[in-house]
Amino acid sequence: MAAKLNRRKFLAASAVALTAPSIIRARNANEKLNLAVIGVANRGAENLKGLGLTQENIVALCDVDPDNAKKARDQFSKAAFYTDFRQMFDKAAKGIDAVVVSTPDHTHALPACIAMSLGKPVYCEKPMAETVAEVRHMRELAAKYKVVTQMGTQIHAGENYRRVVEIVQSGLLGDITQVRVWNSSKPVGGKRLATKPSAKFDLDLWLGPTKAEFFEAEVNKSNWNFAWPHFHWRWWWEFGGGTLADLGCHYIDLPYWALRLTSPTSVSATGSKNYAGDNTTPDVMQVAYTFPATKTRPAVKLSWEHGVTGPNGGKDIYKGYDSGILFEGTKGKLVADYGKYLILPGEFAKGFKAPEKSIKPSIGHHKEWTEAIKGNGTTLCNFEYSGRLAEAVLLGNVAYRAGKEIRWDAEKGTTGDASADVFLSREYRKGWELPK
1384 MAAKLNRRKF LAASAVALTA PSIIRARNAN EKLNLAVIGV ANRGAENLKG LGLTQENIVA
1444 LCDVDPDNAK KARDQFSKAA FYTDFRQMFD KAAKGIDAVV VSTPDHTHAL PACIAMSLGK
1504 PVYCEKPMAE TVAEVRHMRE LAAKYKVVTQ MGTQIHAGEN YRRVVEIVQS GLLGDITQVR
1564 VWNSSKPVGG KRLATKPSAK FDLDLWLGPT KAEFFEAEVN KSNWNFAWPH FHWRWWWEFG
1624 GGTLADLGCH YIDLPYWALR LTSPTSVSAT GSKNYAGDNT TPDVMQVAYT FPATKTRPAV
1684 KLSWEHGVTG PNGGKDIYKG YDSGILFEGT KGKLVADYGK YLILPGEFAK GFKAPEKSIK
1744 PSIGHHKEWT EAIKGNGTTL CNFEYSGRLA EAVLLGNVAY RAGKEIRWDA EKGTTGDASA
1804 DVFLSREYRK GWELPK
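This note's numbering puts the first residue of the sequence shown at 1384, with every later residue one more than the last.
A hint or two may mislead.
As the list claims (entries may be wrong) - Derived pair list, reagent style DSSO-like, types lysine-lysine, alpha-carbon separation capped at 27 Å:
no.	residue 1	residue 2
1	Lys-1698	Lys-1678
2	Lys-1740	Lys-1714
3	Lys-1454	Lys-1432
4	Lys-1723	Lys-1432
5	Lys-1736	Lys-1702
6	Lys-1795	Lys-1527
7	Lys-1714	Lys-1684
8	Lys-1474	Lys-1454
9	Lys-1702	Lys-1714
10	Lys-1716	Lys-1415
11	Lys-1678	Lys-1740
12	Lys-1569	Lys-1698
13	Lys-1583	Lys-1678
14	Lys-1750	Lys-1698
15	Lys-1656	Lys-1684
16	Lys-1432	Lys-1415
17	Lys-1477	Lys-1527
18	Lys-1723	Lys-1527
19	Lys-1461	Lys-1656
20	Lys-1569	Lys-1474
21	Lys-1716	Lys-1684
Claimed, not checked - Have a look at the derived ranges for each label pair, beta carbon to beta carbon:
no.	residue 1	residue 2	range
22	Lys-1461	Phe-1598	54 to 60 Å
23	Gly-1502	Asp-1699	50 to 56 Å
24	Gly-1814	Lys-1454	28 to 34 Å
25	Gln-1438	Gly-1541	17 to 23 Å
26	Lys-1702	Ala-1682	26 to 32 Å
27	Lys-1454	Gly-1557	48 to 54 Å
28	Thr-1648	Leu-1576	38 to 44 Å
29	Thr-1648	Glu-1810	27 to 33 Å
30	Leu-1576	Gly-1729	41 to 47 Å
I should point out that these hints are in silico values taken from the structure, not numbers from a laboratory. Beta carbons: idealized from backbone N, C-alpha and C, even for Gly.
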């Protein structure tokens, strides 16, 4: 059975998460952590380079594809290697202090939940999980076991996002009621093959909890030179959530942080699949979110577009912003991406003076997590914050797949529409269920 959105447990857990410190025990600042990394190539390889992880002990590596993991195995030759994370937890849990999850989306939730249920802090790649139900369950367990968590939205640690947040929260742009986010990224078309899979690793382990048969796809590698099971899975609903799930948490993170957004009340989505291939997620998509007013700001409408140039040809209007976030205030506007921002319009920009810096520089996204485990500081992208962000992002896919506008009741965890709620969760194969 899929993880249930139990209202009483979820609300209680959320309340605990907002007040409880995310540390498991006090540690000596110089004491090294024993880390396990699940998924050690591609994103996993990048995480293994992260400041914070490199300064700790990597005691266990896990990857379903031993060949793909060769570089990491050579680099951390003393670490035990596993192909099944369930066996890793069974055999080595006592010697593991914390866990990094860098697997495909469909296998994020289970290892993260096992780790948290064992009292282990977790660093998990975005978008936390494949479904809304899984994200909520992860938030619940993080609160229940009071473990340090961090989602892998590394851009959150950058200086540019901090400066934009300071400007927006200073009120210099006036009241912001509209945010437009666009991304020009397009998926790579793929043709599902009927031939016997050629992968030389355990296909059953790669599937994990997913109730689907493994299949391979012939993809156009002109843009992305990755094997299908290690990258292109994200454009099939069985394993990922398309471009929105892939990049939404990075870009929508900025307005979420700056405007202190929580849960949308309504979400609608349209899109189309125009590329050659039988991938199932849309390569062109538009999502409209409505966030209710709070005591400190008016209601906010946030739009997401991918595979297109952006609002009113944003790519052309805002030179250098092929992907961007546009804040529209009653006094002025601001357009930003990962590394820069621009104040608009010109006349307003001439007299604009940025507020004094108030958000401290990050010590590093991974290091925030490892230091918080040791009792030094907190994580900004913990599962309480990131869970709300990931939930909103994934609700865009729910609305798209339902083919209708959905009304989201965050308190009850339902759209009130059975035909839409079916996309909030999924069923699991026997032996791959989430721990309670």
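Verification of the hints:
1. Under the criterion of a C-alpha separation no larger than 27 Å, the hint pairing Lys-1698 with Lys-1678 is inconsistent with the structure, at around 34 Å.
2. For the given pair, Lys-1740 sits about 21 Å from Lys-1714 by alpha-carbon distance, which is consistent with the 27 Å threshold.
3. Annotation: proposed proximity of Lys-1454 to Lys-1432 holds, straight-line Cα distance about 12 Å (limit 27 Å).
4. In summary, the hint linking Lys-1723 to Lys-1432 is supported, as the alpha carbons are separated by about 24 Å, within the 27 Å threshold.
5. The suggested pairing of Lys-1736 with Lys-1702 holds, with an alpha-carbon distance near 22 Å, which does not exceed 27 Å.
6. Of the supplied pair hints, the one linking Lys-1795 and Lys-1527 holds, its CA atoms being roughly 19 Å apart against a limit of 27 Å.
7. With a C-alpha separation of about 17 Å, the suggested pairing of Lys-1714 with Lys-1684 holds against the 27 Å cut-off.
8. The suggested pairing of Lys-1474 with Lys-1454 holds, with an alpha-carbon distance near 23 Å, which does not exceed 27 Å.
9. Straight-line distance between C-alpha atoms of Lys-1702 and Lys-1714 comes to about 22 Å, which keeps the hinted pair within the 27 Å bound.
10. As the CA atoms of Lys-1716 and Lys-1415 are separated by approximately 45 Å, the hinted pair breaks the 27 Å bound.
11. A hinted pair counts as satisfied when its Cα atoms are at most 27 Å apart, and Lys-1678 with Lys-1740 qualifies at roughly 24 Å.
12. The straight-line distance between the Cα atoms of Lys-1569 and Lys-1698 is roughly 14 Å, inside the 27 Å bound, and the hint therefore holds.
13. Taken as a hint, the Lys-1583 and Lys-1678 pair is broken in the structure, with Cα atoms around 57 Å apart against an allowance of 27 Å.
14. Restraint check: the Cα-Cα separation between Lys-1750 and Lys-1698 comes to about 34 Å, which exceeds 27 Å; the hinted pair is violated.
15. At most 27 Å may separate the alpha-carbon atoms for a hinted pair to count; Lys-1656 and Lys-1684 meet this at roughly 25 Å.
16. The hinted pair formed by Lys-1432 and Lys-1415 meets the criterion: a straight-line CA distance of about 16 Å does not exceed 27 Å.
17. The hinted pair formed by Lys-1477 and Lys-1527 meets the criterion: a straight-line CA distance of about 20 Å does not exceed 27 Å.
18. At roughly 38 Å between alpha-carbon atoms, Lys-1723 and Lys-1527 are farther apart than 27 Å, so this suggested pair is violated.
19. For the suggested pair Lys-1461 and Lys-1656, the alpha carbons sit about 46 Å apart, so the restraint of at most 27 Å is broken.
20. Restraint check for Lys-1569 and Lys-1474: not satisfied, since their Cα atoms lie roughly 41 Å apart, outside the 27 Å limit.
21. Distance hint between Lys-1716 and Lys-1684 is fulfilled; the C-alpha atoms sit about 15 Å from each other, no more than 27 Å.
22. A beta carbon spacing of about 37 Å between Lys-1461 and Phe-1598 contradicts the range 54 to 60 Å that was offered as a hint.
23. Distance hint check for Gly-1502 and Asp-1699: the Cβ-Cβ separation is about 52 Å, which falls inside the suggested range of 50 to 56 Å.
24. For the hinted restraint 28 to 34 Å between Gly-1814 and Lys-1454, the CB-CB distance of approximately 30 Å keeps it satisfied.
25. Between Gln-1438 and Gly-1541 the beta carbons are some 20 Å apart, a value that agrees with the proposed interval 17 to 23 Å.
26. Range check, Lys-1702 to Ala-1682: about 31 Å between beta-carbon atoms, so the 26 to 32 Å window is met.
27. Here the CB-CB span from Lys-1454 to Gly-1557 is close to 50 Å, well matched to the stated 48 to 54 Å.
28. The beta-carbon spacing between Thr-1648 and Leu-1576, approximately 43 Å, falls within the hinted interval of 38 to 44 Å.
29. Thr-1648 and Glu-1810 have their C-beta atoms about 28 Å apart, which keeps the hinted 27 to 33 Å range intact.
30. With their beta carbons about 54 Å apart, Leu-1576 and Gly-1729 fall outside the hinted range of 41 to 47 Å.
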